[in-house]
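Enquirer: So you can see what is in the structure, the chains are spelled out below.
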Amino acid sequence: MLPPLSSPQWRSTLRSYGWGFRSVTDTVMSLVLFATYLGIGALAHDSHFSLGWALAATLLVWAGPAQIILISTLGSGATIIQAAIAVTVSAIRLFPMVVSVMPMMRTPETKRRHLILVAHLTAVTLWVECFRFLPQVPRDRRIAFIHGLGSGLVVICMTATAAGFGLAAKLPPLLAAGILMLTPLAFLFSTARNSRELSDIVALILGLLLFPLAAMLDTGVDILISGVVAGSIAYGVHRYRARA
Amino acid sequence: MSEFIGDWHALVILVVAGVIPNQIWRMLGLWFGGGIDDGSELLIWVRAVATAILAGVIAEIVVQPPGALASVPAMLRYASVVAGFLGFMAARKSIFAGVMSGEIVLLGGKWWLG
Numbered sequence: 001m002l003p004p005l006s007s008p009q010w011r012s013t014l015r016s017y018g019w020g021f022r023s024v025t026d027t028v029m030s031l032v033l034f035a036t037y038l039g040i041g042a043l044a045h046d047s048h049f050s051l052g053w054a055l056a057a058t059l060l061v062w063a064g065p066a067q068i069i070l071i072s073t074l075g076s077g078a079t080i081i082q083a084a085i086a087v088t089v090s091a092i093r094l095f096p097m098v099v100s101v102m103p104m105m106r107t108p109e110t111k112r113r114h115l116i117l118v119a120h121l122t123a124v125t126l127w128v129e130c131f132r133f134l135p136q137v138p139r140d141r142r143i144a145f146i147h148g149l150g151s152g153l154v155v156i157c158m159t160a161t162a163a164g165f166g167l168a169a170k171l172p173p174l175l176a177a178g179i180l181m182l183t184p185l186a187f188l189f190s191t192a193r194n195s196r197e198l199s200d201i202v203a204l205i206l207g208l209l210l211f212p213l214a215a216m217l218d219t220g221v222d223i224l225i226s227g228v229v230a231g232s233i234a235y236g237v238h239r240y241r242a243r244a
Numbered sequence: 001m002s003e004f005i006g007d008w009h010a011l012v013i014l015v016v017a018g019v020i021p022n023q024i025w026r027m028l029g030l031w032f033g034g035g036i037d038d039g040s041e042l043l044i045w046v047r048a049v050a051t052a053i054l055a056g057v058i059a060e061i062v063v064q065p066p067g068a069l070a071s072v073p074a075m076l077r078y079a080s081v082v083a084g085f086l087g088f089m090a091a092r093k094s095i096f097a098g099v100m101s102g103e104i105v106l107l108g109g110k111w112w113l114g
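Chain order of the listed sequences is A and B.
Throughout the first sequence, residue numbering follows our numbering, covering 1 to 244 in sequence.
Throughout the second sequence, residue numbering follows our numbering, covering 1 to 114 in sequence.
I should point out that these hints are in silico values taken from the structure, not numbers from a laboratory.
Be aware that one or more of the hints could be misleading.
Output of the computed footprint for chain B on chain A, the stretches with three or more beta carbons under 8 Å from beta carbons of chain B [to be verified]: (1) 62 to 70; (2) 82 to 89.
If you only want the chain B side, here are some residues facing chain A, beta carbon under 8 Å, derived [stated by the list, open to error]: (3) I44; (4) E60; (5) G109.
What follows is a set of in silico ranges between Cβ atoms, one per label pair, in the way DEER data are often shown [unchecked claim]: (6) A:V155 / B:Q64: 47 to 55 Å; (7) A:S76 / B:L86: 17 to 25 Å; (8) B:W31 / A:A242: 26 to 34 Å; (9) A:P103 / B:W8: 38 to 46 Å; (10) B:S71 / A:T79: 24 to 32 Å; (11) B:G114 / A:R22: 26 to 34 Å; (12) A:S232 / B:Y78: 24 to 32 Å; (13) B:G39 / A:Q82: 34 to 42 Å; (14) B:M75 / A:R22: 41 to 49 Å.
Note that the structure is a prediction, hence the values are computed from the model and not measured.
Just so you know, even glycine gets a beta-carbon here, dropped at the ideal spot from N, CA and C.
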């Protein structure tokens, strides 16, 4: 539990960082991330990447689906360019996520460079947890809090990457399949729980349903097409409701 | 060191196909997001698109599964999502209950099918 907004606990930046770091124990996503990155470490091992490479990827890429796509496309014999395109398309979601997180942290004194690390740390989990945690954090301490929460999650995922890499040879296929299924399940329910506005719920449901249709086009940017169409329809529903 | 990271070729792949494709979107978001107000109409649209793209990533993993997940029949993968959703709703929107119900159906089903 976080201290109340008026608590003197929030006066120190370092302590705010600490509250963020500690908050990794207050979200089930930490557990899910740990298991997901066990799977990513194992996948990297089986695809003949080195441990250092797998750890560097977790630290520098910091997006689970992108790492899964990167390793599995390269492992299946794709060229660097093909892998880069596949990863670039899946990573487009990071753009609107960063855009929507920034206004929650900005104060009149905030410079853009203060937000670079927040932008790097932004991925699905952090994005979801921002909406949950930040209303309980004073605005001028939010950057420190997110730095803490983000670095806590990075520590968890680096540990899991190394553990998964070591365990790879002992991981039965059934368990490997179960671990890969964690990502869609956890993403789905954490987003569903955060969807309070009608526009978010419509965007989630339509986004799921429209992807298989967009995939038939086989354009290479199917996710972008279904995402923009579903998101815009959801926004239209919001506008219609606001006027009614 | 070279054994820990791998050869320079592996490192180039990581930067070109891993780091740049992700960071480019984050830094564009940082550049663009600096000028948007909390609660503006544009932000509502941006958030809806982010949610829908994420939904697309979720659907892609289930519909076109990577690695070991491809060995699980499609119907079982869809059943896992449905069971997860029922568990999620039954436990008053608990992520943990949703993930566990989905996993139980996936692993149990696959084990039973052999």
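Enquirer: Which numbered hints turn out to be false for this structure?
Expert: Going through the list in order, the structure violates hints 5, 6, 7 and 11 and respects the others.
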